[in-house]
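*Asks:* One-letter residues, chain by chain:
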Amino acid sequence: MRYGTSTKLGSIAKHAVLALGAVFILAPFVQMISTSLKSSQDIAQGGLNLIPREWAAVENYSQALNATPLLQYMLNGVIVTVCIFAMQVLIALPCAYALAKLRWRGRSTVFALVLMCLLIPPHAVAIPVYILLFKMGILDTYASLILPFIISVFGIFLMRQFFMTVPDDLIDAARMDGMSEFAIVWRVMAPTAVPALVAFGIFSVIAHWNDYFWPLIVLSSEELYTPPLGIATFRTAEVGYVFGPLMAAATMVIAPLVIAFLFAQRRFIEGITLTGMK
Amino acid sequence: MAAVGIHAIQKSFGSTDVLKSIDLAIEDGEFMTLVGPSGCGKSTLLRIIAGLEAQDAGSISIGGKAVDDRRPSARNLAMVFQSYALYPHLTVGQNIAVPLRMRNLSMTERLPLVGRLSPKAAGKKVEIDRQVRRVAEQLDIAHLLDRKPKQLSGGQRQRVAVGRAMVRDPNVFLMDEPLSNLDAKLRVHMRTEIADLHRSLGTTFIYVTHDQAEAMTMSSRIAVMMEGDLIQVAPPAEVYDDPADIRVAEFIGSPKINILSGIVTNQGTVGCNGVEIGIQPDCPAGAEVKLGVRPEKLEIAGPAPGRLTAEIRHLENLGPDMLVHLRMRDEADPIVARCPAENLRTARVGDQVGLVFSPGDVLVFDGTTGLRQPSRFAVPAPEKIHA
Ligand SMILES: Nc1ncnc2c1ncn2[C@@H]1O[C@H](COP(=O)(O)OP(=O)(O)O)[C@@H](O)[C@H]1O
Ligand SMILES: [Mg+2]
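Chains as they are written, first to last, in my numbering: chain A, 1 to 278; chain X, 1001 to 1387.
I should point out that these hints are in silico values taken from the structure, not numbers from a laboratory. Ideal placement from N, C-alpha and C gives every residue a C-beta, glycine not left out. Possibly wrong hints are sitting among the right ones.
With a straight-line Cα cutoff of 27 angstroms, these simulated DSS-like cross-link-like pairs (lysine-lysine) come out [claimed, not checked]:
1. X:Lys-1125 with X:Lys-1150
2. X:Lys-1297 with X:Lys-1256
3. X:Lys-1148 with X:Lys-1124
4. X:Lys-1150 with A:Lys-101
5. X:Lys-1148 with X:Lys-1125
6. A:Lys-101 with X:Lys-1148
With beta-carbon atoms standing in for the labels, derived distance ranges [claimed, not checked]:
7. A:Leu-90 with X:Pro-1255: 58 to 68 angstroms
8. X:Arg-1103 with A:Leu-65: 55 to 65 angstroms
9. X:Val-1114 with A:Ala-86: 15 to 25 angstroms
Computed list of chain A residues with no C-beta within reach of chain X, every gap over 10 angstroms [stated by the list, open to error]:
10. Leu-20
11. Ile-202
12. Glu-223
Full structure from sequences and hints, please.
*Replies:* Listed below in structure tokens is the structure:
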């Protein structure tokens, strides 16, 4: 059975490569969780022990929760990311529908502009946007964290690509049944696009939950801090770097993302492969 | 129920004229089939009737009233699409209910919670459920109401699509090639079902197909479309026996009609492959004509002087009948004759045979325009002359 052994070898090699990659990606996370459980002496000793020699899990996690209002930061994070995503969907779906399924003069030009906007790095427009928010007088508010991101060209692009695969007949059937164009977007297109929406949601939530740059620029009140800024406050404490509580805070901050991803994983993969509809 | 009037409808996409001034009056309760080759503009015309596409010029009336400025749903038509176009996220029951929910419930009443709070909305929803169930039972899909479209076979999806169209009791049914995604056997079966449905509902049907067999078997009248023009509108038998144009003759009928070329002789008859055919078209001597003879009107006989001869290339046994594929010298296209099988016991591929037909069965078309030419028989009332 030469054929059998060679495919077996091939599959072992494949898995070995994947496992190596996984170790490479996961190592920092494991290190983070391990460090969050260790006492500061243990951490200071260095070494690669994953199991703490001296446990300080309770101390680290309670210090992370007490020294800074971490739960408040996480609540801020939830408010901001949920609002951003909701508004992005509210705007991107009708836009994507118009770009994919309606015929109007200038459609291809507008779509080209959307593609061009994909190329603009967010940092390039940070200062104009900052000035705009300043003139509007809403710096250092939730609005300043949310408004700049409610139009997601990536979302428009992704949803447009997905809507292209929805058959025209389905839309015509909806029109015959008496749906308005907006009803078609929300009652026909959105439900068929759930996998793409989940994928977009994960991209969007991760990006804005983890965003450090923008909140740092627009916020000055600590009670509006989002999780990444909150974690950073550990660094500025007089004691210098307190790794244990810092890693405990970091673990708590990414936990919701990991859990959410695990729940949405199947849909997410359907969404990026864009084959969920066939 | 309503009559549909199509008045001077024109449509072009960019520089291509897809519909060149179409006029058609469809009577109340009629089963009208638009038939023609792919790309001739049938779907475009149907979509204009439905209001899904705007015409460039002309007007559509339904029940005598112009509907050009009405949205598709306000025209109260129902459409069955080739791909069925069922909502993939809704169950069969919900799919069928959509047109009623959209028409009978207000925006707030459609919200799930309001239905429970408002007795009026709840009453309407019960009524919708009742109608959905009635239609489902009529179509024999009541046991599928809770399934999603993905879990249905092609034939079942087809029925759901018909159910969604029926439930709102439309003025007119529009169907765009509704059978072409089904396998051959089911397609033949569904023809009968749709014809039955038309009989029992008595509603006007406008049915689009590129399949001439569907058109012939189901319709009250057939409208043959070619390249954006209607070239003949008539009952199936008339379209078959009395085509107005050579393109109609060639499109309708399977196997295809045989076309021979001929020239009008000085006596006014037609010479074809050196044989004189006893028919006198209204054409000047020397004019080129095309002669059309249906395969079942051709008989195979022994070769004889003054008789068209051809060589048998292939024999196709259909059971009771035999299709004889023939090649005639000087004719580019093969000739097909459909004869009772028992007449051909001795026929072999390669045989030279004579072709026999009655001049009364010959359709004469103008050689350049393709229009049908009226013609008389050269010999008064012949029983059967062997040309
Ligand atoms: N939206 C459109 N844009 C451009 N051309 C179209 C459009 N719809 C149809 N056409 C063209 O119009 C012609 C007729 O199409 P259609 O009505 O779908 O034909 P049929 O249904 O008879 O096959 C075709 O040549 C097709 O390419
Ligand atoms: Mg078509």
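*Asks:* Evaluate each hint against the coordinates.
*Replies:* Structure-based check of each hint:
Between the alpha carbons of Lys-1125 (chain X) and Lys-1150 (chain X) the distance comes to roughly 25 angstroms, so the proposed pair stays at or under 27 angstroms and holds. With a CA separation close to 12 angstroms, the supplied pair Lys-1297 (chain X) and Lys-1256 (chain X) stays within the 27 angstroms bound. At most 27 angstroms may separate the alpha-carbon atoms for a hinted pair to count; Lys-1148 (chain X) and Lys-1124 (chain X) meet this at roughly 24 angstroms. Between Lys-1150 (chain X) and Lys-101 (chain A) the CA atoms are separated by roughly 23 angstroms; this keeps the pair inside 27 angstroms, and the hint holds.
Our distance criterion of 27 angstroms between C-alpha atoms is met by Lys-1148 (chain X) and Lys-1125 (chain X), whose separation comes to about 20 angstroms. For the suggested pair Lys-101 (chain A) and Lys-1148 (chain X), the alpha carbons sit about 25 angstroms apart, so the restraint of at most 27 angstroms is met. As the Cβ distance of Leu-90 (chain A) to Pro-1255 (chain X) is approximately 59 angstroms, the hint placing it in 58 to 68 angstroms holds. For the pair Arg-1103 (chain X) and Leu-65 (chain A), the beta carbons lie near 56 angstroms from each other, so the given range of 55 to 65 angstroms is met.
At roughly 23 angstroms, the beta carbons of Val-1114 (chain X) and Ala-86 (chain A) sit within the given window of 15 to 25 angstroms. No Cβ of chain X approaches the Cβ of Leu-20 (chain A) within 10 angstroms, the least distance being about 39 angstroms, so the stated non-interface status holds. Under the 10 angstroms C-beta cut-off, the non-interface status given to Ile-202 (chain A) relative to chain X holds; the minimum distance is some 21 angstroms. At roughly 36 angstroms from the closest C-beta of chain X, the C-beta of Glu-223 (chain A) stays outside 10 angstroms, upholding its exclusion from the interface.
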